[in-house]
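A.B. asks: Spelled out from the first residue to the last, the chains are:
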Amino acid sequence: MRAAVTHTWFMVGRQARNLMREPIWVVLLLVQPMIWLLLYGQLFKRVTNLPGGGFGTTSYITFLTPAIVIMNAFFGATWSGMGMVSDLDRDVIPRFLATPVSRASLVVSQIVRSALTALIQGVVLLVIGLALGVHIHLGAAGWALVLLAAALMNSAFAGISQGLALLTRKEATMIAIANFIGLPLFFLSSTLISLTQMPHWMQVAARFNPVNWGVVAAREVTLPGTDWGSVGLHLGLLAGLTVMTAAFATWTFQVYQRQL
Amino acid sequence: MDAIVAEGLEKRYGDVQALAGVSFRVRAGEVFALLGPNGAGKSTTVKVLTTLTRFDGGRGEVAGHDVRREPDAVRRSIGYVPQSSGVDRDATARENLILQGRIQGLGGEQLKARVDELLELLGIAGPADRVVRGYSGGMKRRLDVALGLVHRPQVLFLDEPTTGLDPEARASMWEELGSLAHRESLTILLTTHYLEEADQLADRLAIVSRGRVVVEGTSEDLKQSLEGEVVEVEIANGAVEDAAAIVRALDEVREVTLSGRRLRSRVVDGARAVPTILAALDGRGVAVEAVTMQRPTLDNVYLHYTGREFSAEDEAGAEAGVQE
Numbered sequence: 047m048r049a050a051v052t053h054t055w056f057m058v059g060r061q062a063r064n065l066m067r068e069p070i071w072v073v074l075l076l077v078q079p080m081i082w083l084l085l086y087g088q089l090f091k092r093v094t095n096l097p098g099g100g101f102g103t104t105s106y107i108t109f110l111t112p113a114i115v116i117m118n119a120f121f122g123a124t125w126s127g128m129g130m131v132s133d134l135d136r137d138v139i140p141r142f143l144a145t146p147v148s149r150a151s152l153v154v155s156q157i158v159r160s161a162l163t164a165l166i167q168g169v170v171l172l173v174i175g176l177a178l179g180v181h182i183h184l185g186a187a188g189w190a191l192v193l194l195a196a197a198l199m200n201s202a203f204a205g206i207s208q209g210l211a212l213l214t215r216k217e218a219t220m221i222a223i224a225n226f227i228g229l230p231l232f233f234l235s236s237t238l239i240s241l242t243q244m245p246h247w248m249q250v251a252a253r254f255n256p257v258n259w260g261v262v263a264a265r266e267v268t269l270p271g272t273d274w275g276s277v278g279l280h281l282g283l284l285a286g287l288t289v290m291t292a293a294f295a296t297w298t299f300q301v302y303q304r305q306l
Numbered sequence: 080m081d082a083i084v085a086e087g088l089e090k091r092y093g094d095v096q097a098l099a100g101v102s103f104r105v106r107a108g109e110v111f112a113l114l115g116p117n118g119a120g121k122s123t124t125v126k127v128l129t130t131l132t133r134f135d136g137g138r139g140e141v142a143g144h145d146v147r148r149e150p151d152a153v154r155r156s157i158g159y160v161p162q163s164s165g166v167d168r169d170a171t172a173r174e175n176l177i178l179q180g181r182i183q184g185l186g187g188e189q190l191k192a193r194v195d196e197l198l199e200l201l202g203i204a205g206p207a208d209r210v211v212r213g214y215s216g217g218m219k220r221r222l223d224v225a226l227g228l229v230h231r232p233q234v235l236f237l238d239e240p241t242t243g244l245d246p247e248a249r250a251s252m253w254e255e256l257g258s259l260a261h262r263e264s265l266t267i268l269l270t271t272h273y274l275e276e277a278d279q280l281a282d283r284l285a286i287v288s289r290g291r292v293v294v295e296g297t298s299e300d301l302k303q304s305l306e307g308e309v310v311e312v313e314i315a316n317g318a319v320e321d322a323a324a325i326v327r328a329l330d331e332v333r334e335v336t337l338s339g340r341r342l343r344s345r346v347v348d349g350a351r352a353v354p355t356i357l358a359a360l361d362g363r364g365v366a367v368e369a370v371t372m373q374r375p376t377l378d379n380v381y382l383h384y385t386g387r388e389f390s391a392e393d394e395a396g397a398e399a400g401v402q403e
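As given, the protein sequences belong to chains A and B, one line each in that order. Quick note on our numbering: the first sequence kicks off at 47 and runs consecutively. Quick note on our numbering: the second sequence kicks off at 80 and runs consecutively.
Treat the hints with care, since some could be wrong.
Coverage of chain A stretches by chain B, computed from C-beta distances (three or more under 8 Å per stretch; other residues unrestricted) [stated by the list, open to error]:
id, region
1, 145-151
2, 222-234
Have a look at the derived ranges for each label pair, beta carbon to beta carbon [stated by the list, open to error]:
id, chain 1, residue 1, chain 2, residue 2, range
3, A, 217, B, 202, 32 to 40 Å
4, B, 245, A, 88, 30 to 38 Å
5, A, 135, B, 202, 25 to 33 Å
6, A, 149, B, 210, 42 to 50 Å
7, A, 135, B, 361, 43 to 51 Å
Everything labelled a hint here was simulated from the structure, so no lab data went into it. Glycine included, each C-beta is placed from N, C-alpha and C at the ideal position.
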């Protein structure tokens, strides 16, 4: 167990160092979420005035900011398997397998790296939100819970992405799958608009959409009148999903090893 | 003591029987080559012995540890240089080596010193802090070897160490591997489909064909086991296939192989066979450009023990894309 933790740390360090060498990647990592926030914030500014409401606030940017943190974590996760594909492609993984390295660390480190990236972006978004006048009702605890929801959101889907990377081992397939699940799950959530404003069938679908679980939890701690039952339920669902997808990723790694 | 024991290793991939009972022993401190064409099962043997792949039958032992029962002990005792480089191309050579060392449980000043030593030994100290992406093939291969050596393993597995290198880089790699084996008192198991590589580097070798070891010994012993000489005749005109048939029919000739217009025959007594061969060819109107006589090579050894020609097998294996 100690080896698994240390080795995960080594492997996260390796990935982080390599990514930091790509200046464009680092800049986009920070700029991309801002663009989402500013673009959507402007585009949908007036929707809070819609009859029927359901936004819980008159400030659209306050409604939007926690959801964008989640959306960003989700999109990041759908791409996280690309790192694994390139490691498999370049035979980095077999080289490690001939050493006593913790097998789990090879997969878990990819998920941890992905979640850390989402957390950094989450902090950037919350700081910009603050500058735009977003008031997080629960203060520091609210920040922490939004970020926790983002980390769980990311890990849950990073597990799936790692699993798919190990099963398909092809970049083109990974890109197709990420596009296929990314946008539909995003639009089937209350990220941009309140559930009340959505057609009935979409409201029902959103209830089963993990992206919406994250959005609901993050928004509940941002807006006044936090429903702790809902926060607990949705964070719990995300945690459960994370455990399941991590198990799936571990299983696909064993499948991969059997094929060597 | 034996550093590596392979006993009846069996492995199948779907319908393909990659290993059909591979057995050999490598003594401690020895450089041992598995020689065979593409698809013979050399790499699969290495994958079994380095614990990378599960196997269906037989027993493997490396540095005194059972491959099946004590995989982690095996992994600590070995270095593995895979056929296709496993370096992290976005990191520097030094970063690659430090990480490899940490995984093997090293750290601190000791690891730093070891990394410096290896960079120096393999002649990549200069570019050590540059990202590997820009390295030449030869430099990258040296880094692969260094990665296998960080933790001072007892046994080093080299899977096709010089495939893809130009002749110059290959020659200098051979030289370095030879001196490393001595300096680090290593046991080396290397696989190769270059006959001259096995000839040059290995104390002993085993010829692998279609998932089995067909013969094992020193290069000298194997060549001497084929008594006699090899007569090479270069055909000037006419159908070489016909010429081969003519020579094959002679009593003095044992095995005939053909490469381009060159006809090689293994004979018991060269001095007596040459006139007979030339007369037979002349009698059927085949003109001869040149004649040479030489001692048997590993090529002849391969043909003798497998009944097949090395180069033809090699191409067939490469074309079939047999997974190794």
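A.B. asks: All hints are to be evaluated individually against the structure, with a verdict given for each.
C.D. replies: Do the hints match the structure? See the list:
For a cut-off of 8 Å, the count of residues in the region 145-151 of chain A with a CB near a CB of chain B stands at 3, and the three-residue condition holds. Figure legend: the region 222-234 of chain A, annotated as covered by chain B; annotation inconsistent (0 residues with Cβ-Cβ distances under 8 Å, at least 3 required). Take residue 217/A and residue 202/B: their Cβ atoms lie about 35 Å apart, and the range 32 to 40 Å holds. For the pair residue 245/B and residue 88/A, the beta carbons lie near 59 Å from each other, so the given range of 30 to 38 Å is not met.
The supplied range of 25 to 33 Å is met by residue 135/A and residue 202/B, whose beta-carbon atoms lie about 28 Å from each other. Under the hint 42 to 50 Å, the C-beta atoms of residue 149/A and residue 210/B, about 27 Å apart, miss the expected range. Separated by about 59 Å at the C-beta atoms, residue 135/A and residue 361/B break the suggested range of 43 to 51 Å.
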